[in-house]
Amino acid sequence: MPTKSDKIMIRLDEVTRVYKVGVERISALDGVDLELRENEYVAIMGPSGSGKSTLMNVLGCLDRVSSGRYELDGQNTTGMGDAALARVRNERIGFVFQSFELLHRASALRNVEMPLIYSRDGWWSRRKRAMRMLERVGLGDRVKHRPNQLSGGEKQRVAIARALICNPSILLADEPTGNLDSKTSEDILALFDQLHAEGQTIILVTHEESVARHAKRIIRMKDGRISSDLPAEVDQARRGELIGELGKVTK
Amino acid sequence: MKTVLAMPLAFLRLLYQSVYLALSQIWANKTRSVLTTIGIVIGVASVTAVIAALTGLKAKILSQVETLGTNTIFIGPHVPDKGPMRHANWWQLRFRPEQFDNVLAHCPSVSVLSRIGGVGRRTVKYSEQSVDNVDIQGIEPAYHQIEHRPVILGRIFSPIDDDQVRQVCLIEPKLRDKLRMERDCIGETIRIGYTAFRVVGVIEARPQMNFGDGGQERYQIFIPFRTLEKLGEPFTWAMASGRTAETLEDGQAELKFFLRRTRNIRPGQPDTFEVQSLQSALATFNKIAVIVTMVAGGIVGISLLVGGVGIMNIMLVSVSERTREIGLRKAVGAKRSAILTQFMIESVTLCFFGGLVGIGFGQLLTMAIANIPQVKLDLAHIPLWAIGISFGFSGVVGIVFGMVPAIKAARLDPIEALRHE
Numbered sequence: 002m003p004t005k006s007d008k009i010m011i012r013l014d015e016v017t018r019v020y021k022v023g024v025e026r027i028s029a030l031d032g033v034d035l036e037l038r039e040n041e042y043v044a045i046m047g048p049s050g051s052g053k054s055t056l057m058n059v060l061g062c063l064d065r066v067s068s069g070r071y072e073l074d075g076q077n078t079t080g081m082g083d084a085a086l087a088r089v090r091n092e093r094i095g096f097v098f099q100s101f102e103l104l105h106r107a108s109a110l111r112n113v114e115m116p117l118i119y120s121r122d123g124w125w126s127r128r129k130r131a132m133r134m135l136e137r138v139g140l141g142d143r144v145k146h147r148p149n150q151l152s153g154g155e156k157q158r159v160a161i162a163r164a165l166i167c168n169p170s171i172l173l174a175d176e177p178t179g180n181l182d183s184k185t186s187e188d189i190l191a192l193f194d195q196l197h198a199e200g201q202t203i204i205l206v207t208h209e210e211s212v213a214r215h216a217k218r219i220i221r222m223k224d225g226r227i228s229s230d231l232p233a234e235v236d237q238a239r240r241g242e243l244i245g246e247l248g249k250v251t252k
Numbered sequence: 566m567k568t569v570l571a572m573p574l575a576f577l578r579l580l581y582q583s584v585y586l587a588l589s590q591i592w593a594n595k596t597r598s599v600l601t602t603i604g605i606v607i608g609v610a611s612v613t614a615v616i617a618a619l620t621g622l623k624a625k626i627l628s629q630v631e632t633l634g635t636n637t638i639f640i641g642p643h644v645p646d647k648g649p650m651r652h653a654n655w656w657q658l659r660f661r662p663e664q665f666d667n668v669l670a671h672c673p674s675v676s677v678l679s680r681i682g683g684v685g686r687r688t689v690k691y692s693e694q695s696v697d698n699v700d701i702q703g704i705e706p707a708y709h710q711i712e713h714r715p716v717i718l719g720r721i722f723s724p725i726d727d728d729q730v731r732q733v734c735l736i737e738p739k740l741r742d743k744l745r746m747e748r749d750c751i752g753e754t755i756r757i758g759y760t761a762f763r764v765v766g767v768i769e770a771r772p773q774m775n776f777g778d779g780g781q782e783r784y785q786i787f788i789p790f791r792t793l794e795k796l797g798e799p800f801t802w803a804m805a806s807g808r809t810a811e812t813l814e815d816g817q818a819e820l821k822f823f824l825r826r827t828r829n830i831r832p833g834q835p836d837t838f839e840v841q842s843l844q845s846a847l848a849t850f851n852k853i854a855v856i857v858t859m860v861a862g863g864i865v866g867i868s869l870l871v872g873g874v875g876i877m878n879i880m881l882v883s884v885s886e887r888t889r890e891i892g893l894r895k896a897v898g899a900k901r902s903a904i905l906t907q908f909m910i911e912s913v914t915l916c917f918f919g920g921l922v923g924i925g926f927g928q929l930l931t932m933a934i935a936n937i938p939q940v941k942l943d944l945a946h947i948p949l950w951a952i953g954i955s956f957g958f959s960g961v962v963g964i965v966f967g968m969v970p971a972i973k974a975a976r977l978d979p980i981e982a983l984r985h986e
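Chains as they are written, first to last, in this note's numbering: chain A, 2 to 252; chain B, 566 to 986.
A hint or two may mislead.
Taking lysine to any residue pairs in the SDA-like style, the calculated list, with each CA pair at most 25 angstroms apart, reads [what the hints assert, rightly or not]:
hint, chain 1, residue 1, chain 2, residue 2
1, A, Lys145, B, Leu588
2, B, Lys973, A, Lys145
3, B, Lys647, B, Arg825
Here's a subset of chain A near chain B, in silico, CB distances under 8 angstroms, partners left out [to be verified]:
hint, residue
4, Met10
5, Ile11
6, Arg12
7, Asp14
8, Val24
9, Leu63
10, Ser120
In short, the hints are calculated from the structure, not lab data. For clarity, every value in this text was computed on a predicted model and none was experimentally measured. Even for Gly, the Cβ is constructed at its ideal location relative to N, Cα and C.
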């Protein structure tokens, strides 16, 4: 059993992200503070334009903060160069995308081992590690298959195996069930639950309540700020209350 | 130890991986890759074929040169570039036979010398048969020591033939056949113009030089030099042999010095003749070969340029087609340098592939050239250095024209790339 630790995985300090569109300045993130501990399972929610995608890009080291400070697994990433950020992405972050982003000409195994091409070690044992990861996500018998021979759920499992292969500090999933039917979505979310139980830190970006319900903590974004940050049960209860009140009002 | 090796190992890994990726990419787009590399293929094929043809030509000339002997020196009139004689014609500049008198006594590095004279073409008759346009050559006995043309029947000229101005001749086998003479024609009499000559020997024909003869058969008859003088004033030149290959240049210098004196060329005036060895003739041929190669190289350069633009175009297409893949690779930790390397290697691999196919086609062309009997370039082959150069140029084209697409790929923003449709 994984031990619950108090180790801080992510710390955001007054983070802003400002885009310039012509002469206009748009604040996608407007002073975000956030602390995430190891083995947390967090859902980030919010309507489009709320800044949740920007937050995810910042957390995934794909984007830089305009001001403030971002610490990942004890390492300050603010002001890092491109190459250093690439290395952080390679070693600390596992991405799962809505549309899987598999290389369609490569086998499941090759897709999974792909990040190891860019890593400093693990290249020599990449085949073995990729095999182990595919078994972990339940695809031990689909190793040689190409993406077009796999179902949607299987594709996403391959993508999850790929995200996990470098042993990332956080698993960052952007609408992982967005392209899947509800039955397959449940399977994938069950896999996330299992990974969380095994000690993986997971951040889920979604706009679906049913998906967010799997997380243990729900962060809601609005206008580039965190509007609420509550444990899942409390969040759901609040939401229940709100809906109840809304019902009363409409009555 | 591990850290020392880490950098080169990481690079080798990247290289291996990139080559693998590039090959699978080319394999996945077979038709496109073939069409793209056609420019390179044509360029490399034509340059290798041209070089192969030149190599064959050179080998052919060398084999003909060997029959002449490598120590051979040619002495003939030459119109100088400047000085009072620069507008003179060849007849005015011709040698007079006496200008060679006592030449060997003054040229210790020259072992033998033979004056050679021509009086133009004459009609040769044997009984009722006649052959027009036969080249009448007057030679001295020393000629047999200079040119390696064995007399296969009868005898060679002796000094007595020359001293006594005998009316004897050596003929070539094909002329003998043309005149419908017996195989053993020694002692028979033929007529050159109206003068009777006795055939004393049959001299082997020289391997045919293929240039400018227009395929027409040429016949030669040799008669003693002094006999030739009786037929008319000959156009005279000379062939000589150096004692050794090392002193060949000394011999040439001695001959020049001697001939300037006998031809009364004043100090400061340019030579009105030239003393050339086969070595220097070969050097001239090599110069021409270099020029031809360079001209061919220029044409090939243009076709490689066109091929390179094709490569650049297809690589740009490839980059925009694979934008999402590039975004993904960056997201999972590929650095700019890794993406750059991947696309550079892809274009270089594409060009090498084109180069390889081009060399294949060049080989086919070469074999075709070597098998056309009229061209007589049966010795044509692609030398190893030409293969090296072809690959080198293909690689350079790949690097130069792969640069722009690769930089474009490396600079892609991963967020934008992953959003790309």
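Tested hints:
no.: 1; hint: A/Lys145 with B/Leu588; result: holds, 19 angstroms
no.: 2; hint: B/Lys973 with A/Lys145; result: violated, 33 angstroms
no.: 3; hint: B/Lys647 with B/Arg825; result: holds, 16 angstroms
no.: 4; hint: Met10; result: violated, 18 angstroms
no.: 5; hint: Ile11; result: violated, 18 angstroms
no.: 6; hint: Arg12; result: violated, 22 angstroms
no.: 7; hint: Asp14; result: violated, 22 angstroms
no.: 8; hint: Val24; result: violated, 21 angstroms
no.: 9; hint: Leu63; result: holds, 5 angstroms
no.: 10; hint: Ser120; result: holds, 7 angstroms
Hint check: violations occur at hints 2, 4, 5, 6, 7, 8; the rest are consistent with the structure.
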